[in-house]
Every structure is written in structure tokens, then in C-alpha cells.
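Respectively, the protein sequence lines represent chains A and B. Counted the way the numbering used here counts, the first sequence spans residues 1 to 132. Counted the way the numbering used here counts, the second sequence spans residues 1 to 336.
Don't read these hints as lab results, they were simulated from the structure. Incorrect hints may have been included.
Claimed, not checked - Facing chain B, from chain A, some residues (calculated, C-beta under 7 Å): (1) Ala5; (2) Ala7; (3) Arg9; (4) Ile10; (5) Leu12; (6) Asp13; (7) Leu41; (8) Leu47; (9) Ala48; (10) Glu50; (11) Leu51; (12) Gly52; (13) Arg78.
Virtual Cβ for every residue (Gly too), placed ideally from N, Cα, C.
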Amino acid sequence: MVKRAPAIRIDLDSPVPNYRQIVDSMRTHLVDGDLAPGDLLPSVRRLALELGITFNTVAQAYRQLAEEGWLDLQHGRRATVIDRHPPPGASRKKVSGFQRRIRQMVAQMRAEGLSPRDIAIELRLVAEKLET
Amino acid sequence: MFVRLYLLLPLAMALASLHALPFVPRPDRLFGAAVPREIRYGNEGRQALRRYELRLLPWTAAALFASLWLPLSWAVVWADAAFLIPLIAAGWIFSRRRTEIRRFALPAPSTREARLTDADDRLFRQGLLFAIPLAILAGTALYLYLHWDAIPARFPVHWGANGIPNGWSTRSLTGVYGPLLLGTLIVLFQLGILILSSWGSRRSAQNPAVPMVLIVIASVIATAFSAAGLLPLHIVAARTLVVFYIASFSFLAVMIWFSLRRHAETAAEAGEITPEACWHGDQFYYNPDDPALFVEKRIGLGLTFNFGNRGSWIVLALTLLIPAGLMLLAFELTKG
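Please take these sequences and the hints and turn them into a complete structure.
Written as C-alpha cells, this is what we have:
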């Protein structure tokens, strides 16, 4: 069976900038292994066309992922996923930054009407996926 | 009899396509509006479709009836009018039904989705199939080259209604190979349209069967121009040509039908979404922020230009200038 290419989704009405949404969505696929080293990504033109947004927005997202070490962007070639070696350990400052962001997200979820129980289920699912 | 049949067959197909128009777009569209399935297949949808068919029927029936009885000497006028008048009527009836159904239209979602694949829509493989019509033309050119000495110095290329030749050509490069050159340019023009439309539109807007239909049309054109190209050596009987056209049109009709069915099936999961505010008069799409050269028409079938994109204007100019250039070339080639 042919493997179906992963999809990314953006919300034009979201307060999060489009390029940020693309980066977040693609990083999730990269971390989950849906995109493996050696995989070719669509060209900036093709992805911008499919999403109906400007080329610059997609180019900015690709550059951001290349800076994080996920992509190889060589002139005249398709963006390629590369084997990324994560840094050995995040600094204490970075860890507390992530903790703050998780708390902010939980607060936002509660503000949007999700019950503490539903939020706990979602977080548990994420944690279980991490452990497998 | 054959001439009337020759004119009636494409007309009947064209009129039938006007009746089929509301049924062929993707299943979530009705008269160009994205509606819930319960409306599309419910009472409201059925009634709107019935009204469209019933109001169009007198126009198409009158056009066919007139084409059966009007004298052939008027064919220049009625052959065009018999399609154009029902076409205008269908456009009007369609827009009336669209106005009725629009109140059920779903709001355009703000989310957009794209697959992270580098596959270019099988474009290259489909483009290779254009080798078929080009091979037909090349084969004819080779045959003429090998039988060059058998070509008379002057040969007929056009016949009047009375069957007497009224147009002649000479054994020269343009005189012999002219029709084949013209046929080749037309086929290449079609290939260009296929490449540009695939390159400049979203995958969700593309009908996967369109390339096959274009290849069949190109093959029919190549065969017709090859028949014209063989005139210096063999005169193809009018009866053979009529049989050829009937077979071609029938085959084409079957291909188009399968193409439309396939489109309806494959496009069912996700249609193209374009912002409502960017449509002017329901026909013209203008969105400078959208990098697409072509977007899906409101009707849900076929592509139209994004007039907010400068590239679209260039493509539009080319699609007007190239056929005009080909017509001029045809005129020059047949002048002698």
C-alpha cells in the first residue's frame, strides 16, 4: 500500500501567523516520524499555491525549519528532510520556558470551554504517545 | 444528408451537455454553490434541478427541430445560432437557480490543507501520452517524404458543395507539409495548456481525467490534419470523413462522460475553497494574495483565471495570441 503523504492545515482566521502555523504543523510531522530523512517536500511555490498564501510566507517557514536543523535548503533543489541530531539536553531556562507555554496553553483551553477532565485526557494521550 | 448529420451530431452533443451541466460538478455543489448533501439530494435540490431542465427544454428542443428542417444553405447562420441561443438561455436559467439555492450555501471555511508531497500530479507521464498525436503527424510526414516523387505538381485541397475542386496547392514544402505543421502546432498548444493549468492550479481544483480527454481531442485533430496532409497522394472520401467524425465524437463523448464521473468521485472529499469576496459577478476571480494562476470555477467544473495574478494576464494574452497566430498561419498556407 502506498504511504499517503502527511498533510498540514492552517487557519487563516487564527491569531497565530501563517508561517508559524506551517512551522508548528511540519515540526509535529517531523518529530512524529511522518516525515523521514531523505523525504522531499513540495516546492515553496507548490505549497504556497495549495494553501493559497504568498510564497514569502512558505519560504519563511522553510527557513525557520532549516535553522532548527530539520531541512536542507539548497538552491535549485527541493527542500529535503535531513537526519537531525537533537541537542543532548535542554537548558534549565528552556525547560521553564516550555513549562510556561504548556501552562498558558492549558489556560487557553480552559478559557475556550474545555473541561479540566478533557484537558487531562488530551495531555495523557500526548504523554502516552511520547512513551511509545 | 451526410452534411446535415455532420452538423447535427456536435450540436446534439453540445445541447445535451447543457442539460447535463448541473449534474456533473462535484457532489457538494449545486448551481455553483457549496451546499449540504441533504440540500443537494433533498427536495430543494431536486426541485431546482427539475426547474432548470424544464425551462431549458423548450430552447434545446426548438434548436434541434430548427436544425432538422431549416435549409442547408442557411447552415452558416443556424448552426451557430442553434447552440448560442440555448447557451444564453441555459446561462440565464442557471443563474436564476443559483440565486434560489444560494441561501443554503455553506460558509467558506477559514482552514486550508495541503499534502506534503513532491509528486507533480503525474504530469510528466500524462505529457508523454501527447506523443500519440505527434506520432500520427510525424508518421504522415514520413510517408509524404518517402512518396515525394509521386506527389503531383498541383493538387486539389478544397472542394465546393458541388464536389468540384475550388482550392489548389503545389508540391512545395509549405504546400505539402503545411497542414501537418499546423496540426503539430495545435497539438503543442494543447500540451502547453495542459502543462500550464496543472502547474498553476491547486490539486483539488484539477480534474484528473482532463489530460486524457485532451489527448483524445489532440489525437482526433492529428488524424484530421493527417488526412488533410495526405491530400497530395490520396483523396479521403467525404463519407469516410463523416464516419471518422461520428466515431471520434462518440468516443470523445464517452471519454468526457467518464472524465466527469471520475471528477465527481475523486473531488468528493475536498473541493477548492476560494474567498467569496474575491469573486466579482460570480464569474471573475481577483485575488492578488493567491499565487494560483487558475482556480476552480464557481460552477465546480473547469478552471478560470485569477485576474489578481500578473502571470494569469500573460497566460490569457498567450491563449488569445497563439490561436490568432495559428489562424494567420493557416491563412498563409492555404493562400497559394
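Verification of the hints:
no., hint, verdict
1, Ala5, "holds (4 Å)"
2, Ala7, "holds (5 Å)"
3, Arg9, "holds (5 Å)"
4, Ile10, "holds (5 Å)"
5, Leu12, "holds (5 Å)"
6, Asp13, "holds (4 Å)"
7, Leu41, "holds (6 Å)"
8, Leu47, "holds (6 Å)"
9, Ala48, "holds (5 Å)"
10, Glu50, "holds (4 Å)"
11, Leu51, "holds (5 Å)"
12, Gly52, "holds (5 Å)"
13, Arg78, "holds (5 Å)"
Of the numbered hints stated above, none is contradicted by the structure.
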